[in-house]
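> Residue-level listing of the chains:
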Amino acid sequence: MAEDTDEFQEDQVSVAERMAAEALIVDVDGFEGPLDVLLMLSRTQKVDLRKISVLQLAQQYLAFVEQAKQLRIELAADYLVMAAWLAFLKSRLLLPPDPTEEGPSGEELAAHLAFQLERLQAMRDVAAKLMARDRLQRDFFARGVPEDVMRTRKVNYTANLLDLMQGYARIRTRDEFRPFVMDRDAVFTMEQALDRMRGLIGFAGSWTDLSSYVPEGWDADPGRRRSATASTFAAALELAKEGKVELRQTETFAPIQLRKKD
Amino acid sequence: MSEQIEEEEESLFEAPPIADQERMVEAILFASAEPVSVKELNDRMPHGSDAAEALVHLRKRYEGRGVRVVKVGDAWAIRTAPDLGFLMQKEVVETRKLSRAAIETLAIIAYHQPVTRAEIEEIRGVSVSRGTVDQLLEMEWIRFGRRKMTPGRPVTFVVTQNFLDHFGLESARDLPGLKELRSAGLLESRPPPGLGPQLTDPEEEDEATEGQSELFED
Amino acid sequence: MSEQIEEEEESLFEAPPIADQERMVEAILFASAEPVSVKELNDRMPHGSDAAEALVHLRKRYEGRGVRVVKVGDAWAIRTAPDLGFLMQKEVVETRKLSRAAIETLAIIAYHQPVTRAEIEEIRGVSVSRGTVDQLLEMEWIRFGRRKMTPGRPVTFVVTQNFLDHFGLESARDLPGLKELRSAGLLESRPPPGLGPQLTDPEEEDEATEGQSELFED
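From first to last, the protein sequence lines stand for chains V, A and P. Just so we're aligned, residue 115 is where the first sequence starts under our numbering, counting upward by one. Just so we're aligned, residue 10 is where the second sequence starts under our numbering, counting upward by one. Just so we're aligned, residue 10 is where the third sequence starts under our numbering, counting upward by one.
Calculated directly from the structure, the hints in this document are not laboratory data. It should be emphasised that the depicted structure is a prediction, and the values quoted were computed from it without experimental measurement. Glycine residues also receive a C-beta, built at the ideal position from the N, C-alpha and C atoms. Do not rely on the hints blindly, as some may be mistaken.
For each label pair, taking beta carbons as the anchor points, the in silico distance ranges come out as [stated by the list, open to error]: (1) P/Val135 x A/Arg156: 40 to 46 Å; (2) A/Thr159 x V/Gly217: 33 to 39 Å; (3) A/Arg126 x V/Lys183: 48 to 54 Å; (4) A/Arg126 x P/Lys69: 20 to 26 Å; (5) V/Asp248 x A/His56: 23 to 29 Å; (6) V/Leu275 x A/Arg126: 37 to 43 Å; (7) P/Gly94 x A/His56: 16 to 22 Å; (8) P/Val102 x V/Glu352: 57 to 63 Å; (9) P/Gly94 x A/Thr159: 34 to 40 Å; (10) A/Lys188 x V/Ser219: 54 to 60 Å; (11) V/Glu352 x P/Met97: 55 to 61 Å; (12) A/Thr159 x P/Asp52: 55 to 61 Å; (13) A/His56 x V/Gln235: 39 to 45 Å; (14) V/Glu360 x A/Pro160: 35 to 41 Å.
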């Protein structure tokens, strides 16, 4: 008697399953991928997703794909990939584990699938909860006549003592005023150095001391020497950057040498 | 005259009484449809004002009234009490009906933020269409978060202040069921077995918490 | 929510307590884009409500608050309290350098005070626009000094305490002379002989000290 009822119930379930599967196939376009189908199928097991029988689920899914094929429904590739993966998983779950084989066990893979299904179901549940919340301009409302915030511009004029003194100096020396410029007598510019070196590097086939490029007449006065050395050095760097020369220095503060690069 | 000026300048730094500050916050919040940040309140109020304190008083004052002072991220707004929604049929703004894909994507972003497109796809088991993300971006319910420190430095998505405002949430921490999901381990990004601990490296964890706090920063 | 509506429909002729009606009016006025008439309020509120009476209470409640319940024509609205209108403005402060003309005029006044407009023009060699002087007056960096005892009794300009404060000077006498400007590298060449610093012009000296002492009187 008890057995009968059980059988009867089993029958019932399988009918329900079959109907569900048919509905799934007809509805295949409405599904959001294989995971969605799996989640749908898992509902027929009516158990906690954590305790779901992945094996049974895999069988249901494979049956679903099989039926779809019979009905000549074109299934997207990811449904078939999932079917292949589930077939692999099924074999892993059914066969005794091969100790020589590496990689995750069937149980691990099954547990992960169960986790994925549980997580997807959880996301669906909270999404529904979220959408059921009181919502702005539907259940609660913002101000109907917001007021614009006027932006006003206020200019603060300012000046410092230097501006003031420069201004005064400008007036008092108007007649002989010229913009403040550095005395350039003692300055050898980088442009000058670069011009000069471009002309000279053609002859620098072997390593030559950089200081030998400082122009004549610029080495006596310390100020002039500093300026010429600095600009020559900067020009050498520029030429190295352009790939025209190579530079080397044996140690810190040692003379810098350069030669033409071919 | 100069003395007077000095006096005025001094009083510039003396804040108005808190009762007046409360009135000012009240006026500013009433005038704005959008939430107003504490910083902006302070910027608009006289020098030395403490909008945060005034807000505590104001919020209390409106408890149980027809409108309420609500916190939205780090900003504040006045909203009608939800139980009076039935009076406001005239003001209802029909929001575009979201597709199931969009709703799920939104929920995944809200609960898993900052989350990459690949992670959303992992969870849903299906690719996320460009249109779904675009729609959510356009509604200003999600925005780009910082890039993830994983190979390819993928962009992430996080929810916005508008999202919080729309669903009446003070912060993303108040999402319904968040605690339960977390304790059930359903918010962990668990890599498929055999793929190694790629997704759960500690750097990522930092990023994740940072991302959440990011919401409350701006 | 639907339950609530049902309940209300049952109690068709029993109006909600006046406190609730007040809340309803508050919410409706807050959320409406336009002022709402008493008739419309009554239409929207549960049967038997008396919006006019609720309005009396609500209006009283908002007395002295940051927003007020006001009558607009024969309808009602919530509006910002008039004394708080300034909060609806956001001031963007921009700092700009004074124009060259203003700086020069200011410098002349500082070095030569008390000085008339004609004298400023003579020193600058160009006419001084009204706007420049007004700007400096408005900034409270210069003010009118006493009239000069010359024909026409022209007004003079002197610098203010504000000016000294801004430039960190104890008195206008602390302004560096031409010689110091030159040694500081602010002047390139020597002034032509005879055009020496006019500050020490004996004729002007009396006036100058007088004018300067005036500065510290008030």
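> Does the beta carbon distance between lysine 188 of chain A and serine 219 of chain V stay inside 54 to 60 Å, or does it fall outside?
Hint violated: Cβ distance 32 Å, outside 54 to 60 Å.
> Within 33 to 39 Å: is that where the Cβ-Cβ distance between threonine 159 of chain A and glycine 217 of chain V falls?
23 Å, violated
> Falls inside 48 to 54 Å, the C-beta gap from arginine 126 of chain A to lysine 183 of chain V?
31 Å, violated
> Do the beta carbons of valine 102 of chain P and glutamate 352 of chain V sit within 57 to 63 Å of each other?
44 Å, violated
> Does the Cβ distance between arginine 126 of chain A and lysine 69 of chain P fall inside 20 to 26 Å?
56 Å, violated
> So the hint says 55 to 61 Å: do the beta-carbon atoms of glutamate 352 of chain V and methionine 97 of chain P match that?
58 Å, holds
> Verify the CB-CB distance for valine 135 of chain P and arginine 156 of chain A against the hinted window 40 to 46 Å.
59 Å, violated
> Please check whether histidine 56 of chain A and glutamine 235 of chain V have a Cβ separation lying inside 39 to 45 Å.
54 Å, violated
> Taking the CB of leucine 275 of chain V and the CB of arginine 126 of chain A, does the distance hold inside 37 to 43 Å?
59 Å, violated
> Note whether the CB distance of glutamate 360 of chain V and proline 160 of chain A lies within 35 to 41 Å or breaks it.
Given about 38 Å between the Cβ atoms, the range holds.
> Please check whether threonine 159 of chain A and aspartate 52 of chain P have a Cβ separation lying inside 55 to 61 Å.
With a Cβ separation near 59 Å, threonine 159 of chain A and aspartate 52 of chain P satisfy 55 to 61 Å, so the hint holds.
> 16 to 22 Å was suggested as the range; check whether the CB atoms of glycine 94 of chain P and histidine 56 of chain A agree with it.
18 Å, holds
Of the numbered hints given earlier, the model fails hints 1, 2, 3, 4, 5, 6, 8, 9, 10 and 13; all others are met.
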